Amino acid sequence: MFPVIDWSLVSLEVLISIILVSLVVVDIVLPKNADKDWIGIFSFIALAGLIIFWLTQGSLSGTTFSGMFVMDSLAWFFKTFFLIAMVFVFAMTQEFFKSLGERRNEFYLLLWLALIGMCLVASSADFLLLFISIEILTISLYVMTAYLKSDALSIEAGMKYLILGALASGFFLYGISFLYGTTHSTHFSVIQSYCQIHAMSPMTLFALVLIFAAVGFKIAAVPFHMWVADVYQGAPTPVTALLSVGSKAAGFIILIRLFFSIFGAWHAEWGLALAILSAITMTYGNLVAMFQTNIKRLLGYSSISHAGYLLMGAAAGTALGASGINFYLLGYLFTNLAAFLVIIVFSIATKSDEIADYAGLSQRSSLLACTMLLALVSLAGMPPLVGFFGKFTLLMAVIKSGYIWLALIAGVNIVISLYYYLMVAKRIYVDPPRHTAKIIVPSKIRLLLVIAILGIVIIGIFQGPFLDAAMAAVQGMYLSHL
Amino acid sequence: MITLGNYLALSGIIFSIGLMGVVTSRNVLKVLLSLELLLAASNISFVAFSKFNGDYAGQLIVFFVILVAAAEVAIGLAIVVLMYRRLSTIQADELRTMKW
Chain A
1 MFPVIDWSLV
11 SLEVLISIIL
21 VSLVVVDIVL
31 PKNADKDWIG
41 IFSFIALAGL
51 IIFWLTQGSL
61 SGTTFSGMFV
71 MDSLAWFFKT
81 FFLIAMVFVF
91 AMTQEFFKSL
101 GERRNEFYLL
111 LWLALIGMCL
121 VASSADFLLL
131 FISIEILTIS
141 LYVMTAYLKS
151 DALSIEAGMK
161 YLILGALASG
171 FFLYGISFLY
181 GTTHSTHFSV
191 IQSYCQIHAM
201 SPMTLFALVL
211 IFAAVGFKIA
221 AVPFHMWVAD
231 VYQGAPTPVT
241 ALLSVGSKAA
251 GFIILIRLFF
261 SIFGAWHAEW
271 GLALAILSAI
281 TMTYGNLVAM
291 FQTNIKRLLG
301 YSSISHAGYL
311 LMGAAAGTAL
321 GASGINFYLL
331 GYLFTNLAAF
341 LVIIVFSIAT
351 KSDEIADYAG
361 LSQRSSLLAC
371 TMLLALVSLA
381 GMPPLVGFFG
391 KFTLLMAVIK
401 SGYIWLALIA
411 GVNIVISLYY
421 YLMVAKRIYV
431 DPPRHTAKII
441 VPSKIRLLLV
451 IAILGIVIIG
461 IFQGPFLDAA
471 MAAVQGMYLS
481 HL
Chain B
1001 MITLGNYLAL
1011 SGIIFSIGLM
1021 GVVTSRNVLK
1031 VLLSLELLLA
1041 ASNISFVAFS
1051 KFNGDYAGQL
1061 IVFFVILVAA
1071 AEVAIGLAIV
1081 VLMYRRLSTI
1091 QADELRTMKW
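If you read the protein sequences in the order shown, they are chains A and B.
As numbered in this note's numbering, residues 1 to 482 make up the first sequence, in order.
As numbered in this note's numbering, residues 1001 to 1100 make up the second sequence, in order.
Some clues are possibly wrong.
Said to hold, decoys possible - The calculated label-pair distances, taken between Cβ atoms and stated as ranges, are:
id, chain 1, residue 1, chain 2, residue 2, range
1, A, PRO3, B, ALA1074, 28 to 36 Å
2, B, ALA1009, A, VAL190, 20 to 28 Å
3, B, LEU1077, A, SER443, 41 to 49 Å
4, B, ALA1078, A, PRO442, 28 to 36 Å
Claimed, not checked - Stretches of chain A that chain B covers, calculated by requiring three or more beta carbons in the stretch to come under 8 Å of a beta carbon on chain B:
id, segment
5, 123-133
6, 136-148
7, 162-168
8, 171-181
9, 184-193
10, 220-234
These aren't lab readings, by the way, just hints derived from the structure by calculation.
Here the structure is a predicted model, which means the values were calculated and not measured.
Glycine included, C-beta positions come from ideal geometry on N, C-alpha and C.
All chains, please: the whole structure from these sequences, using the hints.
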């Protein structure tokens, strides 16, 4: 007998797969050397349709495929997040790969594949599906990272990402095998009920550490951060943006599912470990970021330090902590993508990612300079921008859980991070420009820049409904242990 | 009599060899080979657990792992080819334009 499959729950993944397959066909059928960027236009229309469709599906919940696939409020929140991030990444791709001609078509297909991977990660309720969806995501990211095949940096970044990524998935799988050995299942619900009855044994601790290593790789936490700076610098900038937002959020949804549902019963064992890791991660990221001269590398280290801030929410182990993670990621989405939009427009115009070349940007394009300033200041955590309230919620969560020392370390880190963010802002606004040629911003990018600015400011000022949404996502979580 | 412990020891040894290979090899092809060993070690422990726990899920997972391993090594070899064409080397320590 076959189990009944509820197709309405998997509607988004099915639609994305249909779009992906039809784009492959369109790519084959359409004449070569076409100047028009058909795949890009189709992708935009499809993505807009998907977002409208998806916003009406907020009430979906349930499990299907024998309980392997779960649709809950958390999955809905993160899938919306991924769809919004993809709009930005597609627009960046259109600009960035203009010179590549028809080779960019495959890049769009890889982006769609990565989107399927991220959506499946958000909905996994079984370690087998989780492993496969992570691999769908990372394997498409390996290809995209090494996509500029005449650029030595891109190849180098792709090779490093592949070696360390495959190492992380090896750890993940070995961890799953031990978890499977002790609990006799890979399904989240079985493992959760095992954890509620049994105490942590050496074998499950070993499995948990291995699995966390793989998740730590995805979210870029110390000591699994070695790939971050090189891959961020070498990868094509749209891929860097996707890595810093999409791939990190995919890591955090796994983290939420691991620590707030499956292993929630063992909070006493892992809470302190996560707090220490969080402190080390944010301090390392901020200290090394101070000495960077390449803007993408700087944002790479800043991304490590933000993983540290986000880990505070996981260390707190409360509903406030988990909703803080969601809210922070929402703010991080707009803030970081705004910064990467500026970097892309700037690098197309000047062929440079060096911070020194940003000198006097305010005189060359006031929109770019203003967006970059807002993004940097929001990343640093200044009120009333969204970065401030994200950090505020996470600090509240750790203080309520009794980790006052962690809140103090985070406070010191925020001050350190202000230094290097404002150094970039100083270059943009105070230093005299090396070249005076104006930078022209394409109208589509201009629209997205305005949307990102609105996101940074509006979510920062009217944080109420967004905090509620982040909290609702946590409260409706499948197998929640809060 | 071969016990579960023997199989787990075997998989542990293979995993350690793979890990050492990834960390110490200078040749990228050797690194890819060692990565395959890591996944093979997990496969052995999945099958062993499946046999001694008496359910089939573990054996089923192995098929998916083999598939993923094949995809990963295919992409890996493609990047090695790119690397050889562009940099004329497949030594991992030549990848140092950016600080490793």
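Now for the hints, and whether the structure bears them out:
1. A:PRO3 with B:ALA1074: 28 to 36 Å: holds, 32 Å
2. B:ALA1009 with A:VAL190: 20 to 28 Å: holds, 27 Å
3. B:LEU1077 with A:SER443: 41 to 49 Å: With a Cβ separation near 42 Å, LEU1077 of chain B and SER443 of chain A satisfy 41 to 49 Å, so the hint holds.
4. B:ALA1078 with A:PRO442: 28 to 36 Å: holds, 32 Å
5. 123-133: This one holds; 3 residues, not fewer than the three required, reach chain B with a Cβ under 8 Å.
6. 136-148: holds (count 4)
7. 162-168: Contact hint for the segment 162-168 of chain A vs chain B: holds, 4 residues under 8 Å.
8. 171-181: Per the Cβ count (8), the hint holds.
9. 184-193: Our answer is that it holds, as 3 residues pass the Cβ test (under 8 Å) against chain B, meeting three.
10. 220-234: holds (count 5)
In summary, the structure agrees with every hint in the numbered list given earlier.
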